[in-house]
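Visitor: Please build the complex by placing chains B and X on the supplied structure of chain Y, with the hints as guidance.
Protein chains in written order, with the numbering used here: chain Y, 1 to 311; chain B, 312 to 472; chain X, 473 to 1240.
Since the hints were derived computationally from the structure, they do not count as laboratory data. Here a beta-carbon is modelled for each residue, glycine too, at the ideal position from N, C-alpha and C. Heads up, a few of these hints could be off.
[As the list claims (entries may be wrong)] If you only want the chain X side, here are some residues facing chain Y, beta carbon under 8 Å, derived: (1) 590; (2) 742; (3) 743; (4) 1101; (5) 1153; (6) 1154; (7) 1158; (8) 1159; (9) 1161; (10) 1163; (11) 1166; (12) 1167; (13) 1223; (14) 1224; (15) 1227.
[What the hints assert, rightly or not] Pulled a few chain B residues facing chain Y out of the computed Cβ check, cut under 10 Å: (16) 321; (17) 338; (18) 341; (19) 368; (20) 374; (21) 377; (22) 384; (23) 450.
Given next are the chains, with one letter for each unit.
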Amino acid sequence: MASGRRGSPARRRRVGVKGRGFLFLYLPDFAYHVPGTPEEVVALLARSPGARVIAGGTDLLVKMKQGLVAPPALVSLKRLDGLKRIAPEPGGLFIGARVTLNELINSDLIRGKYASIAGAAAQMANNQVRHTGTLGGNLANAVPSADLPPILIALGARAVVLGPDGERRFPLEELFTGPGRTRLAEGEILTGVTVPEQETTGSTYLKFGLRRSGALAVVGVAVAVTMEGPVVRQARIVLGAVAPVPMRARAAEETVRGREFDRSLAEEAGVAAAAESRPISDIRGSAEYRRDLVRVFTRRALERAVRDGHV
Amino acid sequence: MEDRQGRSRHLVTLVVNGDEYTLAVKANTLLVNVLRDMLDLTGTKRGCELGDCGSCTVLLDGRPVNSCLVLAVEADGHEVTTIEGVAQNDRLDRIQEAFIENAAIQCGYCTPGMILSAKALLTRNPHPTEAEVRQAIAGNLCRCTGYVNIVKAVLAAAENS
Amino acid sequence: MPEEFDVIGRAKPKIDGRAKATGQARYCGDLKFPNMLVGKILTSPYAHARILSIDTSEAEKLPGVKAVITHRDVPDLKYGISPARWDENIFCIDKVRFVGDKVAAVAAVDEETVYQALKLIRVEYEELPAVLDPLTSMDEGMPQIHEQFPRNINTEIHQHFGDVEKAFAEAYHVRTDRFVGQRTYQSPIEPHSAIAIWADGKLTVYSSTQSPHYFQYYLAREFGLPMGDVRVIKPFVGGGFGGKLEPTGLEFAGAVLSRLTGRPVKMFYDRHEMFAHNRGRHRQYMEITSGVDKDGRILGVHANFIMDGGAYTSLGVASAYYAGAMLPLTYGFENFKFDMYRVYTNLPACGAQRGHGAPQPRYALECHLDMVAGDLGMDPIELRLRNARRPDTVTPNDFQVNSCELTACLEKARELSRWDEKKGHLPPGRGIGVAVGSFVSGAGYPIYRTDLPHAAAVIRVNEDGTSATLYTGAVDIGQGSDTVLCQMAAQAMGFTYENMKIVSADTETAPHDFGAYASRQTLMSGWAVKRAGEEVKAQLLDMAAAMLGVAADTLDCRMGVVFDRATGEGKLDFAQAARAFFVKHGPLVGKGSYAPPKLGGTFKGAAVGTSPAYSFATQVSEVEIDAETGEIKVAEVWDVHDCGTVINPALLSAQVHGALYMGMGESVWEQVVFDDKGRILNGNLGEYRLPTALDMPKITSALVHSEVPEPAGPWGVKEVGEGATIPTMGCYANAIYDAMGIRLDSLPLSYEKVWRALKEKREAASVN
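Next up, chain Y with everything else stripped away, as it sits in the complex:
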């Protein structure tokens, strides 16, 4: 019965209760509803505590199989055709929450107007997941390394949310409150985003992953610049995977505003962005490494956005 002289003292533990301590890759059962309108979805959510919506399911079902969430009910969005729209609306473009990643990549409207959004989607996951996973899912799951939030925030996107009190819109940046947490209240769903008309002259999203497919971002940098000749009128720089939420690199943005663009300005911005980023160390990379990657990719993203000159 002796424990070693080193190591922690012996402890009694009871296990086998509710699967704590085990990892069973198994999907638990749940109630399943298929409402016909967004309002019905909201009403269902309001009266089913713990219920979650399911769109593509590529994040949600993974989390359920890993035992990280166990919603008693899932509310399917599959009848909500309105959430599949990519359509112009006054002042901008509406992209519905159910639009899949491949639909983003293949949409003529998006490739024409906001190619960098398609470019970001193309760097995500793999082909099978891109056919299933949705814009709404990528935003609502709020993983800090998500690839769509940075570019959408850089382009000034607004979240469109439907709740019991009707629809509200707010800057997408405000949606995220922490790793896996959003501002969505009980009974609210994200129905899509709107991307406004803008004077951006160039934008891009660069992602650094540990292999060329199926890799979470170790860092992600999105940039939208408005150039006036050689001068940067303004820039929006958004970092992913280096803070609890996608973050605006405001010091970096300040660094470039109103100045003539060249490589050393881009490098300065990179240094500023690195300093304001707040990465952690995890199995994909150390904080120190990530911070330096922010420097490098901020510079590269600015250079590309300026050079390529398309939104």
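Guide: Structure of chains B and X alone, referenced to chain Y:
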């Protein structure tokens, strides 16, 4: 409807390889389980349960998806193509022939998923570049081939069309 | 110039290609039997803990549950694939030794019920301090993982050939370097699964196995059954790579569940459980010292290693010996000292993974030699050419090497890669590197001590001679042995591959074979098949001679036609002669078996590393490094192999691609990581990164053949299945050094490590 233990069952209709099936499933029944366990179409494989390996790839309305992450109830009313539906009667698809001719099959476990990803690619893009082929199969992991002969086979199949 | 053959040497399509391409091929998890139950194993959440109590009563009450078992319900005979170290139980009895250790099992009507039942089993543990660091596991006062193994030492090796101290004393330059490998896992795409059917006192097990024989042997032993009452059948297998060579809890627990319920029971591991079961590559801590003369000739090598064995032995004794034993194969040095400790830790057990213990030491030695070359101002290929083993030599550890074309491999790799043009002349950020390797073509001795032949085969020609069936215990796990052995059978008989059938890897219907490991089958199973085919041909020609009224030695048979040897004129169809034989004599059957000659020395551990023949390879890689991020892009790899006569060129190059792919993954991307409680953090295919189709370099595979075919292999064959995994890690590390002047002394060669080394290099330069 509910069974005697109060667990809900849902009726789903799937068209699988051109044949219509109506089945009673639970909400947590995955498409991969319907195919393998209820319809005995075991060509679709389970490898990782989390959508990372692609061995469960099927075509859902022609689009390659990981069937281990699709609920049967979500697939209700849709068309599914599995590896068993690729050959036409006893005539192999040119992609299947190309895999055999180019030694693109070793253990064969990734093969069904690979062939379906390739089929979806060539349907949409009959003359892909090598980079496009690699992009299309990047979600299908293979531990045996290094993908060398698989890429060769898909390009050969494209050329033979 | 290799001889031209009709059937071997051809890129015949795989005999199972169509089945696999159409989804018809059934793997163990695809099989169904009437009245079948599903079962799974409950595992430990703790790395090291005493089991105080197990309460299965709630689980047993769950509707649909048919049996719940613990150590009380199964034999307590300790087992293990290494007979020298039987240290596992079907279920842990007094304590668990790693997160994932086996505690109980459930059989129920469906998967969902099984999972729910597992969650209802209540186990009370007393957590014990865990040993998670192999470097301190032997220290005084550390918790003992197995009582019979003091200081947690599982295997201790001290070998000394010649006199290394003297060699170092006389050397012009002596150098020591240290390297660390990493834990990796085979991760075949097909999970482990087994179906046990215990009926009438006899046990049948279908399993995703690399060796029905070893499974049969150890199942029979565990349950006290004669081997004749245990049948093990291999369905199609989706890759093994060494991890499916030993019976697991799935076979043992499934057998008991089947006996108790009277029903077939299908057991399986999901991906995370596979990582926990493991039996993958050991992490090795390696110190290499060499002494060279002023011309770069290696005079002696001292390899001083520690390997992390995890909680059980698995195949680890052999891995420990292989780690050192393979080093002298490639170079002609006569003085060699090898010290090794394989220690226990409270982590998943490590076993044999493609290359079996050799790849990490090879990485260490090849990096070390590049540094020696640098010290001497010598080109790395030049250094290796000066030391490359020659054919018909004996290593200091008593391995007889017949054919060896390593020199030719080096020269060809140098030529194909345009090494001389590139070395020292590539643009900044690009580099080129070389490494060599060698591997056994089958192990000289089986895993347990026995006088059984290593392989046996029977060929039966059907009654009208239009087909022939090969019966072999050899195991096709995807490498193509069914195809290759059918080619060999047809070649030996003078028949056609297209009319061959095969019954393989079923202990009841196919003769004994040890199975797929140590790259043994083309050579060893091949001998048995060749002999069986020749026996068929001899009987067939006797029959033909009688029918034609000529002497048998005037005839031969090729591609299904019996012909006159002098004129080449076809006289009779194989089928006609075969049918006549059956009518007159009954079944036309040939049999063959193979046992290697007595190999190796008489010192302790001499058996490990012995082989009838050895493959040799050189790899060159060209890399491009992103200096700012550390990202490694491998542009191109050249693999030049001396693997003897080629039976099927397409399958052979496919094996080179695959072996190189695994070496590549382990070089840059793969590592199993744990938290400080011994729990796997990345037991899934998202965070354990296998390279994807987008990550691959251009691969050029080339062969070199010896003038005289390898005498120890049928038609001169040697191995290729593992040889190309071995040089890759060292090759990449050397290329990275060439590109950026940084020496990465631990695996994997990750982007962050490159970034950090470059940073440290810059900082050191700015200080000076």
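Visitor: Should the interface hint for residue 1167(X) be scored as holding, given a Cβ-Cβ cut-off of 8 Å against chain Y?
Guide: 5 Å, holds
Visitor: For the hint on residue 384(B), just tell me whether its beta-carbon gets within less than 10 Å of chain Y.
Guide: 6 Å, holds
Visitor: Close enough to count: is the Cβ of residue 1101(X) nearer than 8 Å to one in chain Y?
Guide: 6 Å, holds
Visitor: May I ask you to test the interface hint for residue 1223(X) with respect to chain Y, counting a Cβ-Cβ separation under 8 Å as satisfied?
Guide: 7 Å, holds
Visitor: Does the CB of residue 338(B) sit less than 10 Å away from some CB of chain Y?
Guide: 4 Å, holds
Visitor: Do the numbers back the hint for residue 1161(X), that is, is its least Cβ distance to chain Y under 8 Å?
Guide: It holds, given that the least Cβ distance between residue 1161(X) and chain Y is near 5 Å, below 8 Å.
Visitor: Checking hints one by one. Is residue 1154(X) an interface residue toward chain Y, by the C-beta closer than 8 Å rule?
Guide: Interface hint status for residue 1154(X): holds (6 Å vs cutoff 8 Å).
Visitor: At a threshold of 10 Å, is the proposed contact between residue 341(B) and chain Y supported by beta-carbon distances?
Guide: At 7 Å from the nearest chain Y Cβ, residue 341(B) passes the 10 Å test, so the hint holds.
Visitor: Would the hint on residue 321(B) stand, with a C-beta cut-off of 10 Å toward chain Y?
Guide: The hint holds - residue 321(B) has a Cβ within 10 Å of chain Y, the shortest such distance being about 6 Å.
Visitor: Was the hint right that residue 743(X) lines chain Y, CB cutoff 8 Å?
Guide: Residue 743(X) check passes; min Cβ-Cβ to chain Y is 7 Å, inside 8 Å.
Visitor: Can the hint on residue 377(B) be confirmed by a CB-to-CB distance to chain Y that is less than 10 Å?
Guide: 5 Å, holds
Visitor: Taking the closest Cβ pair, is residue 742(X) under 8 Å from chain Y?
Guide: Holds. Min distance 4 Å.
This entry satisfies every hint, going by the numbered hints stated previously.
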